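Throw the hints in and build the complete structure from the sequences for me.
Residue-level listing of the chains:
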Amino acid sequence: MTEIILIILGISLLLYVLLGGADFGGGILELISRGKASGIVSRAIAPVWEANHMWLILVVVILFVGFPTVYSTVLTALHIPVLLVLIGIILRGSAFTFRHYDIEEETPKAIYSSIFRYSSLFTTFFLGVTTGGIILGDITQDYSQGFYAVYMNPWLNWFSFSLGIFVVILFAFLATIYTLGETKEKSHVERFTRIAKYLIITLVVAGALAFATAELEGHPLFFEFYHSIPSMISVVLATIALPLLWINLKRNNRQMLRLIAGFQTTMIVLGWFAIQFPVLVKINDGVDITVQSSIAPRATQLQLLIALIVGVLVVFPYMGYLYKTFKFGEKTADEQKAS
Amino acid sequence: MDEFLAARLQMAVSLGFHIVFACIGMVMPWFMFVAEWKWLKTKNPVYLDLAKAWAKGTAIFFAVGAVSGTVLSFELGMLWPTFMEHAGPIFGMPFSWEGTAFFVEAIALGLWLYGWNRLSDKVHLYTGMVVGIAGVASGIFVISANAWMNAPAGFDWIDGQAYNIDPVAAMFNKAWFAQSHHMIIAAFSATGFAVAGVHALLFMKNRLEIHAKALTIALAFASVAAFLQPLSGDHAAKNVAKLQPAKLAAFESHFETQKSAPLIIGGIPDVENREVNFAIKIPGALSFLAHGDFNAEVKGLEEFPEEEWPPVPIVHYSFQLMVAIGMFLMLLSVIFLAGTYKWKHWLEKRWWMLLLVFATPLGFIAIQAGWVVTEVGRQPWIIYGIMKTKDALTPMPGIQYTFYTISAVYLLLSFIIVWLMSRQIKMLQSKYLKHD
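Top line first, the protein sequences correspond to chains D and L. The opening residue of the first sequence carries number 1 in the working numbering; numbering runs sequentially from there. The opening residue of the second sequence carries number 340 in the working numbering; numbering runs sequentially from there.
Keep in mind the hints are simulated off the structure, nothing from the lab. These figures come from a predicted structure and were not determined experimentally. Check the hints yourself; a few may be wrong.
Here are the computed lysine-lysine pairs in the BS3-like style, where the Cα-Cα straight-line distance is at most 27 Å [said to hold, decoys possible]: (1) L/Lys377 - L/Lys770; (2) L/Lys688 - L/Lys513; (3) L/Lys513 - L/Lys382; (4) D/Lys36 - D/Lys184; (5) L/Lys638 - L/Lys552; (6) L/Lys461 - D/Lys109; (7) D/Lys324 - L/Lys577; (8) L/Lys461 - L/Lys513; (9) D/Lys324 - L/Lys391; (10) D/Lys282 - D/Lys197; (11) L/Lys681 - L/Lys552; (12) L/Lys395 - D/Lys109; (13) L/Lys770 - D/Lys109; (14) L/Lys380 - L/Lys395; (15) D/Lys109 - L/Lys773; (16) L/Lys765 - D/Lys109; (17) L/Lys729 - L/Lys391; (18) L/Lys380 - L/Lys391; (19) D/Lys324 - L/Lys638; (20) L/Lys395 - L/Lys577; (21) L/Lys380 - L/Lys513; (22) L/Lys770 - D/Lys36.
Put into structure tokens, the structure is as follows:
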């Protein structure tokens, strides 16, 4: 039973990275392309963004119901970066909606756009920093150690910041590939193809930087990957897919591009899961929090699982219908006129 | 500022902000559904315009409700980690169902808002229904989780640890039903009167058909809800009397245990001398309202050690305010129902429009007051009788700064939203005035 809950937790997190990530990346992409992408991003995101962000809620709910000590420990040690993520989420979601629904007027629209773009960047960066703090596991439960050691040290370090940068580039990359599939105009295709290439290169550099800074912080991340067979396979597969991505980018093969980018991201996330498991939160001066030590009692697990399975059975088909309606549906007359 | 106070205030601000958006996001889809249904039935384009105009406002409110709700799901753990660590596995079940319900709501709303040209009329109409039902369901789930804090059930508490957890019993605790119907009805009443108030103001300016139609739809919901609300409140109060006698005593500043206890209306509680000054007292009425018998004994605050008293004046004033507004809105609903069925000319009158304009914020003020009653009334407990709120507080110092930050963000957002709404209304007005 615990395994199934863990698998659903993993899938939710993965879907949040893939769908929510492309969505956060949309804002970053607008920033990189100096607003050139905003029309396409807006049209592509608007109908689905709220549903995309539900995956985060699902992750949080599974954590506090199923793994309550993970939830409380992480939110205590990483209170500050999580608070920054939350402020980013508020600003970003609001600004995006305001831009979409407020009446057409230049100055307010420009303000919403810039809040949306910068808060997308800001939120994504601190999501990465928070994740970095969890991976690094420099977390203490001895709250008498002073403010810096307890609440700053876990995330205010080179590794967490490198991971922040890595996630920013990853999400921007996802959004670029996604946006490429949404436009046929030649100048756009050329621009986004160019951006995608730059992003791929920087992504590889940022990945290397994350491994290097982990060593710097005394966390043998490379070693962990090397010694976990599934992690190693994930990394190798993600790397092998790189040339494929490059070729398809040249040929502008949209469906293949999305597939490969999604596959690579999945591999990165799975690689992380494999080294993280079964320790969920590392404690630097005490007993690590593992799946076994934090899982809720069986009665709770059973009810959680029932709710999740019913949820999956209802939500997945409905979500599919939503995507089908807006992504692959024929454009309506109005939209053809608009584009 | 004291850390504990800062954390409680941050929670209050976050919940108070979220509840307004949650209510509007839950109720508006029902109004939109009726407008769209009338459009399909009558083919009067005013209904279509109305549905679309409401949809724009709702989309804004829904989005802000969604992000502020996301924030809350983290804040619970950031401010009260000890509470969540123990309570999560017990009262988490309604939250996991709420997740599904809200997911469905978000998907359906996306389809509804952007699917006008992509879905058939019928599918589009019923998608609106799905939004409404999923919204109410997710509301009930969240309230059921809150009700568990008031009426903890489904576990044995031994030496600070929960054993024999039964999440189903926790979800269907003794307070879930009373709190749910009271809150859902409140949401319909508050949103209905708020929407009606805005349209009444616009109708007074220029008597456009769209505002008349909007008034009818909003008031139809609001008046039924406001009429039922005192009955629902009576049931909820009886429930509190049974489960949390100290809270009920604080509602009424009822200090001494007595038979045929008087209902205290208004007044200024003097906690030190354990009396209420300047209040109207109706003999035996509290006994009747709390236990259905004029001679029943009502437990006073004296039965409880003083350190387990909630802050009496805040709870007392909030309760009185909520009840007063509830009664006033019930009166409005009686006028509306009488106007609908008999004295039709009433509903065209200026005094009626002015009453509606006056009532615009009242429902939401009552909701805020009601949550103060529930939450402050439960203090000093976070889980009634089990865990004190101060023992659940995060060890992180400096919560006042997070409180200031969150408050500033929400205050700014509130101003922007009011401004956005006024712009939307202006646009709608100018569109119609150009037509004529």
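ask   = Hint numbers the structure violates, sorted upward?
value = 2, 3, 5, 6, 7, 8, 10, 17, 19, 20, 21, 22
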